[in-house]
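Residue-level listing of the chains:
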Amino acid sequence: MLSKLGRIDSRVLYFILLLSFIIPLLRPLGLPMVISDEVQKTYDLIESLPSGSRVVVSFDLSPGGYDELAPATVAVFNHMAMKGIRMVGMSFWDAGPSLLDRSLAGSLYADKEYGTDYVNLGFLAGGENAMSAVARDITGAFPRDFYDRPTANMPIFDGLQAFKDVELVIVVATGNPGVPEWIRQVGDPMDVPIATIVIAGLVADYAPYMQSRQLIGMIPGLRGAAGYEALIDMLGRGTAGLDAQSAAHLMILFFVLIGNIVYFVERKREKDEADEEGAAS
Amino acid sequence: MLRTATLVITFLAGFIMIAAFFFDVGFLSVAEAQIQDWGVIVAAFALAMASINLIQVNVNKAVSSENVTDKICSFVLLASLAGMSIIGLTKGPTSDTYNVLFDGIMAPGQSTVWALGVFYIASAAYRAFRVKNADAGLLLFSAAFVMLGAVPVGEVIWSGVPAVSQWIVDVPNMAGMRGMLIGAGIGAFSGGLRLLLGIDRTEVG
Chain F
1 MLSKLGRIDS RVLYFILLLS FIIPLLRPLG LPMVISDEVQ KTYDLIESLP SGSRVVVSFD
61 LSPGGYDELA PATVAVFNHM AMKGIRMVGM SFWDAGPSLL DRSLAGSLYA DKEYGTDYVN
121 LGFLAGGENA MSAVARDITG AFPRDFYDRP TANMPIFDGL QAFKDVELVI VVATGNPGVP
181 EWIRQVGDPM DVPIATIVIA GLVADYAPYM QSRQLIGMIP GLRGAAGYEA LIDMLGRGTA
241 GLDAQSAAHL MILFFVLIGN IVYFVERKRE KDEADEEGAA S
Chain C
1001 MLRTATLVIT FLAGFIMIAA FFFDVGFLSV AEAQIQDWGV IVAAFALAMA SINLIQVNVN
1061 KAVSSENVTD KICSFVLLAS LAGMSIIGLT KGPTSDTYNV LFDGIMAPGQ STVWALGVFY
1121 IASAAYRAFR VKNADAGLLL FSAAFVMLGA VPVGEVIWSG VPAVSQWIVD VPNMAGMRGM
1181 LIGAGIGAFS GGLRLLLGID RTEVG
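Sequence lines, in order, name chains F and C. For the first sequence, position 200 (counting from the first letter as 1) is numbered 200 according to the working numbering, and the numbering increases by one without interruption. For the second sequence, position 179 (counting from the first letter as 1) is numbered 1179 according to the working numbering, and the numbering increases by one without interruption.
Any given hint could be a false lead.
Ranges of calculated distance between the beta carbons of each label pair, as one might list FRET restraints [claimed, not checked]:
| hint | chain 1 | residue 1 | chain 2 | residue 2 | range |
| --- | --- | --- | --- | --- | --- |
| 1 | C | 1011 | F | 235 | 51 to 59 Å |
| 2 | F | 35 | C | 1034 | 25 to 33 Å |
| 3 | F | 44 | C | 1170 | 36 to 44 Å |
| 4 | C | 1034 | F | 176 | 20 to 28 Å |
| 5 | C | 1120 | F | 48 | 40 to 48 Å |
Since the hints were made in silico from the structure, they are not lab data. Every residue gets a Cβ at the ideal spot worked out from N, C-alpha and C, and that includes glycine.
This is chain F alone, in the form it adopts within the complex:
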């Protein structure tokens, strides 16, 4: 029985894991919500900004990671829109601008005025070097937006030339260039606060930046999204997905446990057989 379990087909494991996602999505477990310090700090910072403040959002992510970050992004956009904060969006990843459009369309910014309350500047090649160039002169680096409209005359840029006039930078990141590059080129040299919405897999990498206060807020994946949705009292996809994530984590740990039980039982049996053979000879 145990040896069969050790040679179980991968497709069976895939199917069990798939069920562990689907069942909680169809019948939510209603697990208690925990709001982490990083999420609370991000919320507090945005909450403290006065109406009319300008926040840069850099969409440095791939479509692969977007599904994990979309709920948190929409929640933060909803909070910013409710507070009357103006959003300057840009990207240093080629797919970023299209994904930013999706998040904007799903948030309260969809009812705001483009060019006055928010703008999508599009993609700029050059990674870290381009970030520095934009930070120095926003409309100089992006003379036209994602829709090929001239940016210089947009009301959102009145009195806004460089990042020194910006209250906060939020980096939505799945990799490089991302958070460390923003800290190096903008956060540290220009003294601009930086927060991030990041995939859960990068939380451990960015923890040192939180402790050194080079990052003032971090919203990790679905768990962060669910916490933020609770804070703004607008439950959405983050809350819905959290039970499924809980079940998946439990299932993977269960697989590891079963795998180790099989390993130890088989090792003991092999040892016993070897001892018996030794005694017989």
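Chain F is already provided as a structure; the job is to place chain C on it using the hints.
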């Protein structure tokens, strides 16, 4: 002659960027801004160069490879590259046609590949994550607490899970990450200095 010129340009560009970072002098700031703008233009050309390289490699494969799967994959890649490029250049990246291709093929395709990772991780964890010694035991213990601490079910199992998980991230993980970051920083400084002083000449061939 060309080699020397490249080394001199590299040194000057790097020196101006470093000097402008430390000293707020008018002409240095102007030069820094100019170099950054050139950098953005060069990066845009690099994207075009990468596309040309991708086309060359895959045209060769599509024409001369004996493996049918390789041929098909290269052909699909070339067709996708041509299709997205032509539509992007003629109709723009905000056109309906481009959005249909992006939202209907590219985004779901990448999301699928990304999501498949969890199934492979689960299968690999089942087959390969064995507590063969104390190190592996420690790794399993840490992984279990960090995984459970990242989701609400951890607190349901035991109220101390989030605190233990946070301690693992904030103390042992932080120490290791800081060591790596400092090491990488010193390495980047050393590598940059070698490039600026012309000791490392890989960029000039």
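Results for each hint:
1. For residue 1011/C and residue 235/F, the hinted distance range of 51 to 59 Å is satisfied, since their beta carbons lie about 57 Å from each other.
2. Here the CB-CB span from residue 35/F to residue 1034/C is close to 47 Å, at odds with the stated 25 to 33 Å.
3. Separation of residue 44/F from residue 1170/C is about 20 Å and departs from the stated range, judged on CB atoms against 36 to 44 Å.
4. Judged by the Cβ atoms, the range 20 to 28 Å given for residue 1034/C and residue 176/F holds: they are separated by roughly 26 Å.
5. Residue 1120/C and residue 48/F have their C-beta atoms about 43 Å apart, which keeps the hinted 40 to 48 Å range intact.
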